Amino acid sequence: MTSSDRTVWDAIVIGGGHNGLICATLLAKGRRNVLLLEANAEMGGAARTEEFFPGFRDSTAHVLNRLHPEVVKALDLEELGLDLLRGASGSTFAPSVVLSKDGAPLTLHGAYGETLTGASAAEQAAWKDLRVQLLRYAGVLKPFLSRRPPEFGSRSPGGLAALGQAALAMKRLGREDMRDFLRVLLMNVHDLLDEQLSDDRLKGLLAFDAVLGSHLGPRSPTSLLGLYYRLAGEIGGAPGAQVVPKGGMGAVIATIRAAAEHAGVALCTGASVAKIVVESGRAVGLALASGEEIHADTIVSAVNPTTTLLTLVGAPLLDTGLVRKVKNIRMKGDVAKLNLALDGVPDFPGVAAQDLHGRLVIAPSPDHVERAFNPAKYGEFSPEPVMEITLPSLTDPSLAPQDGCILSANVQYAPYALKEGWETGKPKFLAAIMAQLEAHAPGIGRLARHAELLTPADIEVRYLMPGGHWHHGELQADQMLFSRPVSGWSGYDTPIERLYLAGAGSHPGGGISGLPGLNAARRILAARAER
Amino acid sequence: MNISTLKPSPTQVWQIAQSHFRTLRADTPFQPRIDAAAKTNEWYNWSGYRAPHSLWDEELEYFAIRSQAALFDISPMTKYRIEGPEAEAFCNRLTLRDVTRLKPGRVHYTAWCDDQGFVLDDGTLFRLSPDRFRLCCQGRHLPWLLDSAIGFTVRIGEETEQVAGLALQGPTSFAVLRDAGFAGIERLKPFDLADFAHESGAVTISRTGFTGDLGYELFVERELALPLWDRLMVAGQLHGIRPIGYAALDRARIEAGLIVANADFTAAQQAVRADRQRLPYEIGLGFMVDADKGHFNGRRAILDARAGKKLRYVLVGLEIEGNIPAEHAIVYHKKNREVGLVSAAIWAPTAKKSVAIASLRRPFGDLILDDLWVEIYAMRELRYERVMKRARIVPRPFIRLERRSATPPADF
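Protein sequences appear in the order of chains H and U. Numbers 4 to 534, taken from our numbering, label the letters of the first sequence in order. Numbers 4 to 415, taken from our numbering, label the letters of the second sequence in order.
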């Protein structure tokens, strides 16, 4: 791929995150001649594994809980060696452990708590009922995930089918549950948990999962939707399941990358795109930062929608109304990433050894999560942050030196635009995180050799994610479905002919699901067939 | 990419106070003179300004336009200044016509649209210099202009209050200006503009207007407004100069076949009902659309509608038998099928015909042109006389005056 190379590509995909890779693979499988450009030296985006301290490697995404079965199937990922069922501990899904400072931890085993240990018998019974209800309700939203969002005013068969399926799924709930589903849909998670549960640890975990990755507290209206989104994900056919993948997240990316190569996608790293070249309202190619121009029939952007439209295309080529909408996409991240290089496996009192392979959550109560959120509203970080922790090197020893251990944590709340600025705020926030860790794993401070803390501002720079937002746009009711990334352009098309969006900024959103990439590829192939 | 780069771009914003709403009926810089001339005391609200509907006699004011020289205060017209190295590119992106073909010292009539291609407003774009423009229009659009300027090196500010405007229209208007001492005014061709010395400053005079007649528009800093009025009135004394109100101008503009936003079409941002918005091709402004000039707001939607034959309406000029103005009459095909509505109609004193501007639902007015009728309800001493009159589609303007475009203009 040099400027003397006169190849004209059928499609160029910008961005080698998992969605870009998946979209490129499916286009190549659809007999397109596809080039994928990644700015970084490695594929994978926030799921790529990087060395953060000599001998210690980690990735920012660290749990797999929604890689969609259609994606796994369409890319033959299992044939290529992805073993989702096995996961970390070798035989089962990763558990979620709610850590407790002074008492016993509470543990959800199997696919999102098929069994619950550490709680009273009454609470176990209550959880069993609530779990069934949550999964049923989340299931109503599932038909929307793997297709274009329905569009108002259009009568596309796909959109109507999704609406029809959702209506059917709702009807199948029966009258009482349908009413209840509609009652709770936009509720806050805190109130719902108070209705049905009593154990603060369990409620803390659910509250945390509902708001993880968004600028919401458990008491914020619509926060329950986040939990539904989480539970609409599935692994190996089990709704709500999660795995800390064998070989780390890097292994998942390697498998998807292998699928891309297998399908014949030309992969190019270190290629930073400066501009999408538009002629008479149609995308015709790309200009790289190096000055090189490459031409293609179709351009697919699997990077952030705001970057795509306002930077790569540029506001002057877009209608003013659209520019307004794009500028109003809310995407200020609120999660920091901690990568900790440890001299040994930390001791979390009361946590069974095999459960250390799972996900450890510090969210002692919904009120604690809410209080952690309060300062974030005013541009301050949480003094007692909540977090989810994994120890990826237990699953993949190659990530750390012998006797070393890696602690990987997503920490809330860390507002992108910290009032005092992250330069002075970061050391303070790190100290708060370490204090929180020390309280749950006494002695961990002595084990720590190096701590890398990525604030949303750091994540923005490292992964080219504006606002340092995981999901490339808040995943809240106003930025979902037909409003994602903006109303009127939710179906992966853009007003620039033959320019498509395929990243998490598009429906259905973030997390390692691969669905934006899958849906976009299907859309592009269908649009090509129409021409 | 840093998210802060997404905030207001290099565009520098002139935060010129938009204080027009603080006074319910603001006075224009010419108000002392207008008030002195106002014998009928018929006022109306023009964008928040107290503007005269008529001053002394609506009928005679009209004939001042056609036979003498009429002076009309256009200060309430919304005016924006647009300046900077990318002002041309910005105007080109904002509006329908190709601004690269608008030379400095020229004016063109243009319009601009929203994302769906619906017309937000029409107006005149004055190219004062290679990188300085003035946009004049009915509505207020500063937020739209500023958001449209993202990505351009351009400064945009509203100057409605700062700049006073006068329209001097009619056969003797040239003679008035010449005798007022604006040397070189004879060289202005239609749609030309030039600066002329006035007191301590300058007045920008363009050969433009809203009457279809020989005429000029003059723009001056508000501090120099009254001396300009006086200068024209003194010079115009023997040329029959008369101040006029809007009613007279409205007649002249209908005769000239010119449309008014929110009278002959509903501006997209004012429309409450979705089906009231109009594409340029639906209100006779299709000629402005330049598909080859590059991107402009609404381009995609307009070209799609054109290609997909999704244009729903057409704006036409009608000549109606008889002499009763068909104002807001319903238009019928074969006397029974409702096909449109008259938005403006008068007995045209110069054309000596009953004329109207009407919007018809295609294919009527587009492919089906014959057998059109208007249903006029004429109130006659507390009883409606309903008459069905034959209407014929005719080209606009309804009058063509050679003096409008003769250069140099004749000395009447």
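No lab work stands behind these hints, which were simulated from the structure alone. Quantities reported herein were computed from a predicted structural model and do not represent experimental measurements. Do not take every clue at face value.
[As the list claims (entries may be wrong)] Far from chain H, by Cβ distances over 10 Å, these chain U residues were calculated: (1) Asp-118; (2) His-298; (3) Gly-320; (4) Thr-353.
[Said to hold, decoys possible] Quick list of in silico lysine-lysine cross-link-like pairs, DSSO-like style, CA-CA up to 30 Å: (5) H/Lys-249 to H/Lys-145; (6) H/Lys-380 to H/Lys-328; (7) H/Lys-429 to H/Lys-104; (8) U/Lys-337 to U/Lys-312; (9) H/Lys-328 to U/Lys-106; (10) H/Lys-328 to U/Lys-313; (11) U/Lys-192 to U/Lys-106; (12) U/Lys-296 to H/Lys-330; (13) U/Lys-338 to H/Lys-278; (14) H/Lys-380 to H/Lys-104; (15) H/Lys-145 to H/Lys-76; (16) H/Lys-328 to U/Lys-312; (17) U/Lys-296 to U/Lys-312; (18) H/Lys-145 to H/Lys-174; (19) U/Lys-355 to U/Lys-313.
[What the hints assert, rightly or not] Computed list of chain H residues with no C-beta within reach of chain U, every gap over 10 Å: (20) Phe-56; (21) Thr-95; (22) Leu-171; (23) Arg-178; (24) Phe-184; (25) Asp-322; (26) Thr-323; (27) Glu-383; (28) Gly-424; (29) Ile-447.
Beta carbons are placed, not taken as given, at the ideal position from N, Cα and C, and that holds for glycine.
Here is how each hint holds up against the structure:
1. Asp-118: Not fine: 4 Å to the nearest Cβ puts U/Asp-118 too close to chain H.
2. His-298: violated (5 Å)
3. Gly-320: holds (31 Å)
4. Thr-353: Fine: 41 Å to the nearest Cβ keeps U/Thr-353 off the interface.
5. H/Lys-249 to H/Lys-145: Satisfied, since the Cα-Cα distance of roughly 27 Å is no more than 30 Å.
6. H/Lys-380 to H/Lys-328: holds (23 Å)
7. H/Lys-429 to H/Lys-104: It holds: about 25 Å lies between the C-alpha atoms, which stays within 30 Å.
8. U/Lys-337 to U/Lys-312: Holds, at about 25 Å.
9. H/Lys-328 to U/Lys-106: This hinted pair is violated, its Cα atoms lying about 34 Å apart.
10. H/Lys-328 to U/Lys-313: OK: H/Lys-328 and U/Lys-313 at ~26 Å, within 30 Å.
11. U/Lys-192 to U/Lys-106: This hinted pair holds, its Cα atoms lying about 13 Å apart.
12. U/Lys-296 to H/Lys-330: Holds, at roughly 26 Å.
13. U/Lys-338 to H/Lys-278: Distance of about 59 Å is beyond 30 Å: violated.
14. H/Lys-380 to H/Lys-104: Roughly 26 Å separates the two Cα atoms, so the pair holds.
15. H/Lys-145 to H/Lys-76: With Cα atoms ~17 Å apart, H/Lys-145 and H/Lys-76 stay inside 30 Å; holds.
16. H/Lys-328 to U/Lys-312: holds (28 Å)
17. U/Lys-296 to U/Lys-312: holds (22 Å)
18. H/Lys-145 to H/Lys-174: holds (14 Å)
19. U/Lys-355 to U/Lys-313: Violated, at about 37 Å.
20. Phe-56: Since the minimum Cβ distance to chain U is about 26 Å, H/Phe-56 lies beyond 10 Å and the statement holds.
21. Thr-95: holds (41 Å)
22. Leu-171: holds (31 Å)
23. Arg-178: About 35 Å separates H/Arg-178 from the closest Cβ of chain U, which puts it past 10 Å; holds.
24. Phe-184: holds (32 Å)
25. Asp-322: Per Cβ check, H/Asp-322 is inside 10 Å of chain U; nearest 4 Å; violated.
26. Thr-323: violated (4 Å)
27. Glu-383: holds (19 Å)
28. Gly-424: The claim holds: H/Gly-424 sits with its nearest Cβ about 12 Å from chain U, beyond 10 Å.
29. Ile-447: holds (33 Å)
The structure shown violates the earlier hints numbered 1, 2, 9, 13, 19, 25 and 26.
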